[in-house]
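Going down the list, the sequences are from chains A and B.
Going by the working numbering, 57 is the number at position 49 of the first sequence; the sequence numbering is gapless.
Going by the working numbering, 83 is the number at position 81 of the second sequence; the sequence numbering is gapless.
Simulated from the structure, these hints should not be mistaken for laboratory data.
Because the structure is a prediction, the values reported are computed rather than measured.
Yeah, the Cβ is synthetic: ideal placement off N, Cα and C, and Gly gets one too.
Please note that the accuracy of each hint is not assured.
[To be verified] Simulated restraints on C-beta separations:
1) P175(A) - A95(B): 49 to 55 Å
2) K239(B) - F120(A): 43 to 49 Å
3) M64(B) - W42(A): 39 to 45 Å
4) P124(B) - L161(A): 30 to 36 Å
5) M64(B) - T17(A): 49 to 55 Å
6) K239(B) - F115(A): 41 to 47 Å
7) I170(B) - F39(A): 30 to 36 Å
8) A236(B) - P175(A): 39 to 45 Å
9) P225(B) - V158(A): 22 to 28 Å
10) K239(B) - V168(A): 29 to 35 Å
11) L14(A) - P124(B): 38 to 44 Å
[What the hints assert, rightly or not] A short, non-exhaustive set of chain A residues, derived as facing chain B with CB atoms under 7 Å:
12) R43
13) Y94
14) L155
This is what each chain is made of:
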Amino acid sequence: MPAAGLFMTVLVLLSLVLSVFHLPDSFADWFSYWRPQWLLLALVLWVQRVPQFRGALFRSLFAKHATDEGTTTRRVLLAVWLFGFYVDVLLGDPFGLNGAIFASITFYLLRFKDRLHLQSLSQQMIMIFMMVFLSEIFRGYVLNAVLNQVWDLQPLTLAVSSMLLWPFYHWIARRFFGASLRN
Amino acid sequence: MMENSVAGSLQRLRRAMLLLTGPVYFFAQSPYAVSGTVSDITADQQSLLQQRDQLNAQLLEMKEGQLRVYYLQAENTRLRQLLGSKAQLPSQAIIAEIIGVPPDPQRAAVILDKGEVDGIAPGYAVVDALGLIGQVTEVSSNISWVLLISDRNHAIPARINRTGVRMIVGGIGSPDRLVVEDLPVSTDLREGDLIETSGLGGRFPVGYPVGLVSSVESTQASPYLQAAVTPSAALLKVGHVLIIPPPMEEKASAVEQSADANEGEP
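Whole structure, please, built from the sequences with the hints as guidance.
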């Protein structure tokens, strides 16, 4: 499916740019506390559709085509972890932080795949909220220890803004991947 | 020695990946670049002429100041020779443009468009026309990260310009407020005092303005002064900055070379 592949590529590139995009000085300070976690949303969108949709970049990463579920899971985990390293450098985070977050979320999504496929949109939104919230708590804990940062309301605000964006992602993805997640 | 360890190879991997982040920051910055170009094109002649006159006047003023600086520089070198100490004035500065700002409001950092190729290394001081901005923390071949002085993880060895008392000025995460750490209540510190870098620690060159003291308080509860400093530099503004090598670098590299030479001997 070339349309889906193109969509995914554009989505990831756009998410990368948006995640480092800073607002003009004229915007209020609180506005940047509500930036959605673009990369995490794109990741969930992709992992939900693995292994039906893998993408050329992912396939080129590994020489042999995997048939069993275990191998695919391990490969996806490795791929998102490696991608996390790039995001670490992009955002100036400690090395491995985003990889650990991405891999944990991917593991959860793949482990409970069958159950998650039965979820309604509102349930998915709650799932996104919990994912972003927990990952931001973890990030806050690490940055607190490593970079001397303080706690603020970002885990909550980022989770809410990401959650509110999910229906839009869901709707767009349906146009490119088809309605069913199971195919 | 560090280059061969695991940490060293991770550092190299990180540096290589930093190079790949360049295009992402370029695209993230492109709306601002485009709007800048558009306003350049649409600017009317009247305002450009006005701007030119202003800049000319400013240039004249600067040149006049520069003449005195030449004289003072020469005199300073002479006096230092009399005292037998080395000249302390920093060498050439490198001009760089800010191409990115991390969107996390807690992270006080900027990304510059110059890197190793232009002779920048971690630890270099970054200043603008008004004062100290921060220091280079991470470098790739043509992109580098600068930790701002307002970051919670940053502190500057500084001194009071008026009295020469040394102190540490730390960031608290706010772009318009730094704090003076652990200064006894008996210290002569007043509102409006200029705080400048002390040059201790060998990272920041001596005498660059850090900020003005905005408030001084002493309470019964604490044996230390509670003082705040307003940074002189425009930390939030995006534009051009200067990168200055640490003053101790020449000496440090000389020491390193002699150490290497010693290692080479059997």
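Checked hints:
P175(A) and A95(B) have their C-beta atoms about 51 Å apart, which keeps the hinted 49 to 55 Å range intact. Evaluation of the 43 to 49 Å hint for K239(B) and F120(A) yields a pass: the beta carbon distance comes to about 48 Å. With their beta carbons about 43 Å apart, M64(B) and W42(A) fall inside the hinted range of 39 to 45 Å. In this structure, P124(B) and L161(A) meet the distance hint of 30 to 36 Å, their C-beta atoms being roughly 33 Å apart.
M64(B) and T17(A) have their C-beta atoms about 50 Å apart, which keeps the hinted 49 to 55 Å range intact. Distance hint for K239(B) and F115(A): a CB-CB separation of about 43 Å, consistent with the stated range 41 to 47 Å. Separated by about 33 Å at the C-beta atoms, I170(B) and F39(A) satisfy the suggested range of 30 to 36 Å. Restraint check, A236(B) to P175(A): a C-beta distance of roughly 41 Å satisfies the suggested window 39 to 45 Å.
Range check, P225(B) to V158(A): about 25 Å between beta-carbon atoms, so the 22 to 28 Å window is met. Look at K239(B) against V168(A): about 31 Å separates their beta carbons, and that is inside 29 to 35 Å. Checked against the hint of 38 to 44 Å, the C-beta distance between L14(A) and P124(B) comes to roughly 40 Å, which is consistent with it. The restraint placing R43(A) at the interface with chain B holds, with a minimum CB-CB distance near 6 Å, inside the 7 Å limit.
At its closest, the beta carbon of Y94(A) sits 6 Å from a beta carbon of chain B; the interface hint therefore holds under the 7 Å criterion. A cut of 7 Å between beta carbons decides the hint on L155(A): the least distance to chain B is about 5 Å, and the hint holds.
Checked against the numbered hints above, the structure breaks none of them.
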